[in-house]
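Once you've looked at the hints, dock chain B against the given chain A.
In case you want the letters, here they are:
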Amino acid sequence: MGLFDKLKNIVSKKKEENKETTELYDKGLEKTRKEFVSKLSLLGIKYNKVSDAYFEELEDVLLSADIGVNTVFKFMDRLKERVKKEKIEDTKYLMEVIVDELFIIYVNNENLSTKINIQENGPTVILMVGVNGVGKTTTIAKLAYKYKSMGKKVMMIAGDTFRAGAFEQLKIWAERTGSLFYGKENIDPAGVVYDGLEMAKKENADIVFIDTAGRLQNKVNLMKELEKINKVIEKIIEGAPHETLLVIDASTGQNGILQAKSFKEITNITGIVLTKLDGTAKGGIVLAIKEEVDLPVKFVGLGEKMEDLQTFDIEEYIYGLFKDMV
Amino acid sequence: MFEYIGDRLTNAIKNIRGMGRITEENIGDALREIRMALLEADVNYVVVKEFINAIKEKAIGAEVDKSLKPDELFIKLVKDELVSLLGGDYVPLETSKNPTILMLVGLQGSGKTTTAGKLANFLRKKHAKNPLLVACDIYRPAAIEQLETIGKSLGIEVFTEGKENPVKIVTDALEYAKENKKDYILIDTAGRLQIDTELMQELKDITNAVHPDETILVIDAMMGQDAINVIQGFHDALSLTGTILTKLDGNTKGGVALSVRHLTHIPIKFVGDSEKLDGLSEFYPERMANRILDMGDILSIADKVESVISESEALDTARKMKKGTFDLEDFLTTLKQIKKLGPLENILKMLPQARKMGINNINIDPKDMAHIEAIILSMTPYERHNPDCLKATRKQRIAKGSGRSVEEVNRLLKQFEEMKKMMKMVSSGNMKMPF
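Protein sequences appear in the order of chains A and B.
Counting with this note's numbering, you get residues 1 to 326 for the letters of the first sequence.
Counting with this note's numbering, you get residues 327 to 761 for the letters of the second sequence.
These are computed hints drawn from the structure, not numbers from a lab.
Be a bit skeptical, because a hint or two may be false.
Said to hold, decoys possible - Straight line, CA to CA, 27 Å or less: simulated BS3-like cross-link-like pairs of lysine-lysine:
hint: 1; chain 1: B; residue 1: 602; chain 2: A; residue 2: 224
hint: 2; chain 1: A; residue 1: 201; chain 2: A; residue 2: 146
hint: 3; chain 1: B; residue 1: 489; chain 2: A; residue 2: 305
hint: 4; chain 1: B; residue 1: 662; chain 2: B; residue 2: 452
hint: 5; chain 1: B; residue 1: 375; chain 2: A; residue 2: 74
hint: 6; chain 1: A; residue 1: 184; chain 2: B; residue 2: 693
hint: 7; chain 1: A; residue 1: 228; chain 2: B; residue 2: 693
hint: 8; chain 1: A; residue 1: 92; chain 2: A; residue 2: 39
With the rest of the complex left out, here is chain A (with noise of 0.2 Å):
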């Protein structure tokens, strides 16, 4: 059986026990699906056989969907390798080995966890940190009415200090998603980190979401804050943060793979969130960030609504993209 057809009987098992997630999917990933495949699609009636004018214009595809550099060259080493071994001359056939090695570059090494590590007993805390304008306390927002409608005790903690009107903007989200809310303007925000959740084991918060400011990578002195605010957790709350999400905007070009290094580098990074994704037509990001970075994505946004923001899955995101060769 084809990976095709294995695909699509996952997803379709799936979209029986979850239809909503799968027509999310398809629907965040319109933009994409239809600049990324009808290209590879027109390539495949373009020529008949693999040639070396096909991997050009094979490369200029998936560079123009934001995959990244580097991900495309090795990728086109590899095809060209397989192609050469198995000895594949029709392209309809080979474009079924594009889908396959685009998918093992994600499912490669294994780090590929979507599971949010809740705590038992106590707060569980998730740090989050990204430069400025991915969205971090809307991706707060929509995680706070996720668990809030599991029935979890939710709080936020405003660690942005710096944004004129973040604090307020925190503020109203955790009045209408009815969470508990911790901040103070213009001060250290490691003093509100320490408040906040002092705060939260009083009132015996289940999940603390603290946002922080947005800082760009190469700031020396912000990148020094976040060390600060961690140590602030640990001291607080043993074993904390239980969860740092790096925020990305999905239609960052290869700046993207440099934010995750970097904020890999000074703070354990323990997964991804993948912003904006329906509005950019080149979500190929996220390929790039887990062959250069090895950091799983664990939720996307596929929309604005409140429930737009899903689990990461592989599956529904391959199909999502090529469903139409499917």
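Okay, now just chain B, sitting in the frame of chain A:
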């Protein structure tokens, strides 16, 4: 900013330095390097292709002039092509109408609200305008409060009118501006996707109601290959008059800049290069191309210095440097002036051959500067004027007073001495600038 492109191009060009003339073979490697570098910088792949082809064609056909070596000729070609790619001449902002209306549009999180504040500040400072900020983002929680906070910190008025109807907010703001002698109106709109027809219609309605003189797309410099769809989408709907690239102070390679102008011919008017409210610089293609090619950007440094340091201050410092009477007190003053320029690493990157000197990627902790300041402030005026008098006991006292170690005090004094020596050399003409 752009330093990575510069690096790769510099390396690529180095390889053909020794060659006798330009042939298809000997620029092959260089072209490949350039292609990789541009792609890694998120330049749109179509632009990359055209760029490479244009260079190739021109380079191989080019007459090797007697005055230029092949590598110099190649650099010139690449630079000329970059400049033309980045868009020829700089198009300044419309400022002549009374009031001039400017609308900022863009995706969520691109930095519209912050940029609105920076622009208002710029217009007041450079064009002596009396701007009015208009809060039109009725969707994102606390967006209006954010603009109000920014306005308050700048002392610039912000027009708000609830979260009902953006078109009404804007028309009322225009009325208000006329009554209150505001001559520049800056409209901050909500972030939206270019494919969101409903929200794009809202922008069209605003446009039809007040006919902005400038409709500017604010775009994140970190954006990948999709940038071109965003630009095209907004341009088709609204006929943009320009773009502003934000977050260029990150380590993004900012290839978006190359794509924007080449594919759409919309001018880039400004770049956002720090989180501070004066972190907005005018965009000059020629200077940017120099920067990419590691030829430095002295002009931009000069502009920046001029905008924060008064001429008399600068002259005073220069005179003292020349006479060799530059002491720690002056050093402290200079330090304070430098601090006004924003993050020092941004300035260092603009220096010619920053990469060669290894200072293009230095990360400077603002705390180090604060420590130096603390040490000098712990000295008596006499000590600051006569650093030679500083011996062990004085140093210990200064270390204690500033909360630093004696080693740090020593290091500072040594650096100061070296700096003084260098100044003497420069002013006596014994040192050539590294061009």
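Hint by hint, here is what the structure shows:
no.: 1; hint: B:602 to A:224; verdict: holds, 19 Å
no.: 2; hint: A:201 to A:146; verdict: holds, 21 Å
no.: 3; hint: B:489 to A:305; verdict: holds, 19 Å
no.: 4; hint: B:662 to B:452; verdict: holds, 22 Å
no.: 5; hint: B:375 to A:74; verdict: holds, 20 Å
no.: 6; hint: A:184 to B:693; verdict: holds, 24 Å
no.: 7; hint: A:228 to B:693; verdict: holds, 15 Å
no.: 8; hint: A:92 to A:39; verdict: holds, 14 Å
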